[in-house]
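Residue numbers (my numbering), protein chains in the order written: chain G, -12 to 110; chain A, 508 to 946; chain X, 24 to 576.
If you're looking for bench data, these hints aren't it; they were derived computationally from the structure. For every residue, glycine included, the Cβ atom is placed at its ideal position computed from N, Cα and C. Not one of these hints is a red herring.
Below, simulated DSS-like cross-link-like pairs (lysine-lysine); rule was C-alpha separation at most 30 Å, straight line:
(1) A/K543 x G/K17
(2) A/K933 x X/K511
(3) A/K755 x X/K185
(4) G/K103 x G/K17
Which residues of chain A face chain G? A partial, calculated answer using Cβ under 7 Å:
(5) L548
(6) W552
(7) S662
(8) P710
(9) R711
(10) R769
(11) G818
(12) N857
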Amino acid sequence: MNKNQEELFILISGRSTRQGTSMNESKFSKEYLEETGVVQICPEDMTRLGLTAGDLVCIRSEQRSIEIPCVAAKEKELPSGLLFMAYGDWSSRLMGSDTHGTGMPNSKGTDVYLSKVCAIKKD
Amino acid sequence: MQNELKVVSNATCTFCGCVCDDIELTVEGNHITKAKNACVLGKAWFLNHEAGEGPVARIRGKEATVEEAVEEAARILVDAKFPIIYGLSDTTCEAQRVTVAIADWVGASIDTTTSVCHGPSGMAFQGVGEITCSLGEVRNRADLVIFWGSNPAESHPRHWGRYSTMPKGLFVPNGRKDRTVVLVDVRRTKSAPAADIFLQIKPRKDFEVLWMLRALVKGLTINEADLIDTGVTLEQLQNLVDRMKACKFGVLFFGMGLSMTRGKHLNVEAALALARDLNAFTRFYANPMRGHGNVTGADNVVSWQTGYPFGVNLGRGYPRFNPGEFTTTDTLARKEADAAMIIASDPMGNFSQAAREHLASIPFIALDTKETSTTRAAAVAFTTATYGINVPGTVYRMDDVPIPLRPAFESPYPSDEKILRALEKKVLHLLQAKLQASN
Amino acid sequence: MAITRIKGGKIYDPTNGINGEVRDIWIKDGKIIAPPIEADILPEKVIDATGRIIMPGGVDMHCHIAGPKVNLARKMRPEDKRYAPHVSRTALTRSGTIGSVPSTFATGYLYAGLGYTTAFDAAVPPLSARHAHEELQDTPIIDKGFYLLMGNNHYALEQIAKKDNEKLKSFTAWLLESAKGYAIKLVNPGGVEVWKSGGANISEIDQDIGHFNCTPRQIIQGLSQTAMDIGLPHAVHIHCNNLGIPGNWRTTQATMDALEGRRAHLTHIQFHSYGGEPDDQGKFCSKVQELADFVNSHPEVTVDVGQVLFGETTSMTGDGPLGYYLHKVTGKKWTSADTEMEAGCGIVPMVYKEKSFVNALQWAIGLEWYLLVKDPWQIAMSTDHPNGGSFLAYPEIIQLLMDRTYRQEILKRVHPRVLERSCLKDLDREYTLNEIAIITRAGPARMLGLKNKGHLGIGADGDVTIYNESSNILAMFELPYMVIKYGKVVVEKSEIRLQVPGNTLHVSPSFDSGLVGGIRKWFESYYTIQFENYPVTDEYLSGGGTMIPCNKK
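Here chain G stands alone, though its shape is the one from the complex (with noise of 0.2 Å):
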């Protein structure tokens, strides 16, 4: 992918052991910090993409974009074409605000695109 490239994924947005664990000593412990702040990317999707984990990379939703470093899946549990974020800050900063009349915005299964630098202002 040439930097300027966008490609779209599936972000999926979800609880993980140590989200949960970290959580527990502070939401500003490192721990935390670094858990919710990174993004899946199957190893296929890396291998294509030409990235290597730790990579900064842009994920845009409508809404908003931020930079977050990408790290491969454990093989075989995201397939291609999806991301997992685990839930906190930065996966909730993709969320739209359109709740569809049901209070509960889309937090999963939402289109975003992933390109090597952002293209626009980021948060």
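With chain G's structure known, arrange chains A and X on it following the hints.
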């Protein structure tokens, strides 16, 4: 403080909706050093709870007396035109009840973390009804257990072991061997290896697949072509339907995978309708995997006091309910709230940007046991003692079973309930004064 | 030592044989006292009830107002409340919603507003007792309690099958004490367990319920005997098998015979009095006379009616399979919740229509019961709120009972076939005020064994309702002039004047603590909470609670 050693048996963990009440805590002074039976999340919950530091009360970041802070908090609520109150999932029912009272007196909107968790499930339930059971029914009878859009290995680690797949039960004498476990999710999560059948569904296809299962249950014809882009095959679905019809007791546990994705309450309606339809053939149930410790309690308290479960407004002097209108993401993102009280939750850390920005711009009160982005931005912040660790009270498990808390050690901080009672008193006092002034 | 004197009212106190006499009532420290002999003892408060009618505070002995099933119904039906009247907050009182399942504060205020000062929720699973208590704490003014579901309790079924009466008695006592409940409730005994374990139901009382090797007959006999042996103030409270099914009068008759002379209360008996056949709606008819004949010759059996009223409401019952049946019949949304080892429940929105033959006959059957039972002390008013209708309809029922012209008017409007299937048109009886006082307060209090309720004799709780005498019966009973609770004015001119918490009434029967080990062993094998976390402690009791003593033989 002397480091007295004591053991608290039958203690209740309130980290997740499992609300395990068989924890044995070893307490040394004001530290819990062991939490026997607790899972990794529960251990972190108990062992990481320190006595805390810093003042009980702060006004705009500066230390204040509790009286001053309560006065300021009451003034914020009483002077507001559209105050909102949110959170409540991580506190006792006793505290929740006082909170709804305060909302009533000031005519606030009252909403709980349900609205961003299983609120859509609550809406689906209002449309279709639900066929549910307590977890002990699953333990004693279930021979088919399905998890849909839920990753219990990481969100509810003891669910399988204590309630749903492993335990031996009255009519399930061989425990796990007598059960078939099915997992349906978009990712092959850490829960997958322990399932007998894993169906990897494509994102945003849950409604379609559930609806097709309903059709198959009713004997309608589905073509393979209808299943393109769902990630599952007709054979897989027919196999699942055959198992569901043939089981003695089936249960579908569903999580955020249904309520948080496109369709939301419609996804859950499909699941609830499927479970209901299957009762023509066997006993079948659909239960939500509730998240935080006492979010179920919050639902119950708000429901019995107002008649509605969440997203309630009391501004006209009586309860009105409308998800999307009175739910907190909306009243914040649309900039309608002009004051807020946030209890035991962290919207500044996990709401949408628009909601966070607006919350930061209005005066709000925060009660929490730890420092969070929300308490840092609050006009009035109270540090309170932790329920289940320092504070006794009542909580409700994910299946509506009420359970008492057994605290481990006392905290120098007051409980949520104590602060809220003082706040209620002050609010009533200010309202009385306002009324007299206008007469 | 505040003394209140209510002077000049016309008293209806059937327990003490007072039928319309003008007398004063004196209340001190919440209790009725004899009028002081000393002339210098002056009351702090004098209420002038001249020209008004006075009755003891109403006692509702069967309604669904607190606990998991009630709350599920509230959550499930926002549409039921959206356009209904609501309860607005005042400086003193909380807001609420009404519809067919009012919120808790509204429930307390509305009951008090109608002149009721005591009400019992009819069906709570012990595992959720804590929940019911929390809701009762938020149900102000009235004294209250609940009955414990036992008719499908696994431990009870086991002891019944083994005929181990000692263990059954101890378990029952332990259970009531642990849950702080009031009485034993049987709902479709054995039938809910059959439903939970495979989706079927009981069709007659000698049917084996499968795994547990006993029959509904044995459950009925075992627990009615237990209630007597451990001296519970209230008899076993029975919702018979086959509720709502045409032809079910035979099940009811069989249940009555199975009692073999033991004390029992058969609840919402209207729903259990149907002739005809399950698959032929055309044959549906009333069998009240046959069943009332039994009640009339068995003073040890009491009933409450479960009157149906036309309009929309919500059915909610511990009878799980009944919920499914109603869902299939009506097509409306259905909620069912099973509780491990103990119980089930079903909730379905209901509509009763004047022009529906079945509904109109149900309405008529309820009224037949009131008019065919000879001794009003054996029959209590109820709608099985909200199943037959709301408790707010009690004044309308009073009007139907006291005014036969009104009954006939409605009979002219309903489905015409009712006239041939029910004898209601020929029943001329009109209830007197004395009889109304019996079926709405004195009788229920006596059935419940509440010695200090339902009457105005010395020592009774100072719960008094003052009505404006009127030929408009409905208006009279809908809007009492004043309601007094433990001697304090709580309602005046339809406004709440004082918010008191009300007391939770419960029993604490003694039991052989040596047998608790066996209960614990069973509990720990099957439940999913800790044994130590099951019992409810005293701080959950509203107003501090009042323990009503048992009379163990």
